[in-house]
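S.K.: Heads up: the sequence lines are chains A and B, in that order.
For the first sequence, my numbering assigns the number 1 to the initial residue and increments by one for each residue that follows.
For the second sequence, my numbering assigns the number 1001 to the initial residue and increments by one for each residue that follows.
I should point out that these hints are in silico values taken from the structure, not numbers from a laboratory.
Cβ coordinates follow ideal geometry from the N, Cα and C atoms, glycine included.
Treat each hint with caution, since some may be false.
Calculated from the model, a selection of chain A residues having no Cβ within reach of chain B, i.e. all distances over 12 Å [what the hints assert, rightly or not]: (1) Arg44; (2) Ser54; (3) Gly80; (4) Arg90; (5) Gln95; (6) Phe111; (7) Glu114; (8) Ser121; (9) Gln166; (10) Ile207; (11) Pro248; (12) Ser260; (13) Val265.
DSSO-like cross-link-like pairs, simulated, lysine-lysine; straight-line CA separation at most 27 Å [unchecked claim]: (14) A:Lys198 / A:Lys184; (15) B:Lys1172 / A:Lys198; (16) B:Lys1268 / A:Lys132.
To give an idea of the chain B side of the interface with chain A (calculated C-beta under 7 Å), a few residues [stated by the list, open to error]: (17) Arg1165; (18) Thr1167; (19) Met1171; (20) Glu1173; (21) Met1174; (22) Tyr1178; (23) Leu1179; (24) Pro1192; (25) Pro1196.
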Amino acid sequence: MAMSQIKPALVAVPGSDIAVSTRNITKFYGYVEALRDLSLEFPRGQLTSLLGPSGCGKTTLLKIIGGLLEPTSGEVEVNGQTVTGPGPDRAFVFQDFALLPWASVMRNVAFGLEMRGVGRSEREDIAARYIKEVGLAGFEKAYPHQLSGGMRQRVGLARALSVDAQVLLMDEPFSAVDEQTRRKFQEDLLSLVQNENKTFIFVTHSIEEAVYVSDQIAILLPRPSRVSEIIRPSNFREKGVDNIRRDPEYLDIVDQIWSSLRSYVE
Amino acid sequence: MRQVAPVSIAGAPPGAPTAGKRSIAPSRSLVLKILSAAILFGAWEIAGRIPVSYAFPTFVESMAALFRLAADGTLWTAYAETLQPLVVGVTISALLGIAIGLWVGLSEFFDWLFSPIFIVMQAAPLAALIPLLVLAYGIGLTSKVLVVCIMAMPVIVLNTASAVRNTPESMKEMARAYLATDLTILLKIIIPAASPVIFAGLRLGISAGFIGAILAELKITPTGVGDIITFSRSIADYPTMYAAIFSIILLAVLFLNLLEWIEAVLFKGNQRGYVSD
Ligand SMILES: Nc1ncnc2c1ncn2[C@@H]1O[C@H](COP(=O)(O)OP(=O)(O)O)[C@@H](O)[C@H]1O
Ligand SMILES: [Mg+2]
Chain A
1 MAMSQIKPAL VAVPGSDIAV STRNITKFYG YVEALRDLSL EFPRGQLTSL
51 LGPSGCGKTT LLKIIGGLLE PTSGEVEVNG QTVTGPGPDR AFVFQDFALL
101 PWASVMRNVA FGLEMRGVGR SEREDIAARY IKEVGLAGFE KAYPHQLSGG
151 MRQRVGLARA LSVDAQVLLM DEPFSAVDEQ TRRKFQEDLL SLVQNENKTF
201 IFVTHSIEEA VYVSDQIAIL LPRPSRVSEI IRPSNFREKG VDNIRRDPEY
251 LDIVDQIWSS LRSYVE
Chain B
1001 MRQVAPVSIA GAPPGAPTAG KRSIAPSRSL VLKILSAAIL FGAWEIAGRI
1051 PVSYAFPTFV ESMAALFRLA ADGTLWTAYA ETLQPLVVGV TISALLGIAI
1101 GLWVGLSEFF DWLFSPIFIV MQAAPLAALI PLLVLAYGIG LTSKVLVVCI
1151 MAMPVIVLNT ASAVRNTPES MKEMARAYLA TDLTILLKII IPAASPVIFA
1201 GLRLGISAGF IGAILAELKI TPTGVGDIIT FSRSIADYPT MYAAIFSIIL
1251 LAVLFLNLLE WIEAVLFKGN QRGYVSD
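Throw the hints in and build the complete structure from the sequences for me.
M.R.: Following this line, the structure appears as structure tokens:
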């Protein structure tokens, strides 16, 4: 079998240690149970996708990991330490970008460093480097409303990268950009995962996107919300970005995920 | 999001994308302001010449009266009087109004405690309250300052509070995710995000404060500009009366322009529009 498919029992991830783990997370919004007894492990240096239909609790789980929401019960550990709130070890990329409209690209990208008390010239040097890295050199003085959706999300990405957190939490970062831009983003994300030694937790509702970018895919199902399976695509990544979408294993996994999800989609 | 910039994502930037549009905007708005003033004064002159009423002087007559008032010093002594309750009242209203507004916007308890007071204050017929104020605080400066505050403060408080309450949740969440403290969130997210609406409230409040200052002088004791208005009307010197009214409107307009300028300096980026969608 070309991929290892694991039922959501406790799994030892082969050959890597765990950067983030969630243990028995339950989350109620009033009487709505968004997550039930969810346990999941995120291997260091890899990209794990949370994939599932909308409303199944992906954002909720990501915000709990980010320390922006408190779980009703259960706990999150990052590098063996229990999460009690936002921390310097995690950086967030938001679905709606969450840029400050009154601040230039430079100030937006440097915002995280500013909050960490990094001096102005130092943080602008760092920010400038990441602005360049995401391909926005020359737009430092532009304001968010002057940028396209794709460019805005690059600003959000540069902001997350510039604080140099070990864990990147990305909530459907590409869902609001057009298809062409999204493909470019996905390719860039692959090289980012390779080059930066960071742990990526990536929320998406797109099956193709998840299979394309992930080292590990956790499929979440709603009502009650739970991890239904964990899939680790194994060997098509080495064949180069241009070949992934034609790879038989890629296509198989996409099909397989669709057949397990289809019954949950009205 | 629907719109995609004409530049390629990773391509070369089009120079400074910010420049251009903005630099001509101020001069154009100045031209428009002068033009609309000219049309207004022209209409006034024509209406005065017809005349629409024997009590309605022409623009030129009124301006002549204004220069007379300025030349013999009457105007300046009048303003020395009128500006006292106005400046004190508007300053108190702005500072206290914004402070209370922030508080009310941030805390449900203070919202519950204060909002009704200001809603009532805004709705109350001021003319009916003035006798009560005079009864309680006499006919001095205190009563006049209070009239200015009653006129100016509610809209400042209510605007500030609603602007604070409407700060986009996602921006606050972003700031928390990047380790901002509550105080930084207030200073760097909530206040800048709320500033356009706060300034709109200030503009409305200060305009109302001007009305309050004149109203106080007409209803409590005729002093300052209110005295010029009352006295010149009693002797049917309508050009002087209109000159006094015109001068207070002019002062209000100049002051509001100053406020606009302060806003532009303090919150530069805010005029650059919001990221919609
Ligand atoms: N602030 C909230 N208050 C009440 N219910 C919420 C709130 N946020 C999310 N929910 C509910 O929790 C469930 C999971 O939401 P969410 O985590 O946003 O899902 P996803 O990101 O997978 O679309 C949904 O049913 C949603 O209606
Ligand atoms: Mg979501």
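S.K.: All the hints need checking, so say for each whether the structure fits it.
M.R.: Structure-based check of all given hints:
1. Distance check for arginine 44 of chain A against chain B: the nearest CB is about 21 Å away, which clears 12 Å, and the non-interface claim stands.
2. Chain B leaves serine 54 of chain A outside its interface by the beta-carbon criterion, the shortest separation being 17 Å against a cut-off of 12 Å.
3. Non-interface status of glycine 80 of chain A relative to chain B is upheld: no Cβ of that chain comes within 12 Å, the nearest being about 20 Å off.
4. Listed as outside the interface, arginine 90 of chain A is inconsistent with that label: its C-beta sits roughly 8 Å from the nearest C-beta of chain B, within the 12 Å cut-off.
5. A beta-carbon of chain B comes within 12 Å of the beta-carbon of glutamine 95 of chain A; the shortest separation is about 9 Å.
6. Some Cβ of chain B comes within 12 Å of the Cβ of phenylalanine 111 of chain A; the nearest lies about 6 Å off, and the non-interface call is violated.
7. At roughly 8 Å, the least C-beta separation between glutamate 114 of chain A and chain B is not larger than 12 Å, which violates its mark as non-interface.
8. Against the 12 Å criterion, serine 121 of chain A stays outside the reach of chain B, whose nearest CB is about 19 Å from its own CB.
9. Against the 12 Å criterion, glutamine 166 of chain A stays outside the reach of chain B, whose nearest CB is about 15 Å from its own CB.
10. Listed as outside the interface, isoleucine 207 of chain A is consistent with that label: its C-beta sits roughly 22 Å from the nearest C-beta of chain B, beyond the 12 Å cut-off.
11. Listed as outside the interface, proline 248 of chain A is consistent with that label: its C-beta sits roughly 31 Å from the nearest C-beta of chain B, beyond the 12 Å cut-off.
12. Non-interface call for serine 260 of chain A relative to chain B: holds, since the shortest CB-CB distance, roughly 31 Å, exceeds 12 Å.
13. Every CB of chain B lies more than 12 Å from the CB of valine 265 of chain A, the least distance being 24 Å, so the non-interface label holds.
14. Simply put, lysine 198 of chain A and lysine 184 of chain A have alpha-carbon atoms about 20 Å apart, close enough for the 27 Å limit, and the pair holds.
15. For the proposed pair lysine 1172 of chain B and lysine 198 of chain A, the alpha carbon gap of about 25 Å is at most 27 Å, so the pair holds.
16. This hinted pair checks out: lysine 1268 of chain B and lysine 132 of chain A have alpha carbons roughly 25 Å apart, not beyond 27 Å.
17. Interface hint at arginine 1165 of chain B: violated, since its Cβ lies 18 Å from the closest Cβ of chain A, which is beyond the 7 Å cut-off.
18. For threonine 1167 of chain B, the interface hint is violated, the least distance from its beta-carbon to any beta-carbon of chain A being 11 Å, above 7 Å.
19. For methionine 1171 of chain B, the interface hint holds, the least distance from its beta-carbon to any beta-carbon of chain A being 6 Å, beneath 7 Å.
20. For glutamate 1173 of chain B, the interface hint holds, since its Cβ comes within 7 Å of a Cβ in chain A; the closest pair sits about 6 Å apart.
21. Because the closest C-beta pair between methionine 1174 of chain B and chain A is about 4 Å apart, less than 7 Å, the hint holds.
22. With a cut of 7 Å, the hint placing tyrosine 1178 of chain B at the interface with chain A holds, because the nearest CB-to-CB distance is about 4 Å.
23. Interface hint at leucine 1179 of chain B: satisfied, since its Cβ lies 5 Å from the closest Cβ of chain A, which is below the 7 Å cut-off.
24. Because the closest C-beta pair between proline 1192 of chain B and chain A is about 5 Å apart, less than 7 Å, the hint holds.
25. Evaluation of the proline 1196 of chain B hint against chain A yields a violated restraint, the C-beta minimum of about 9 Å exceeding 7 Å.
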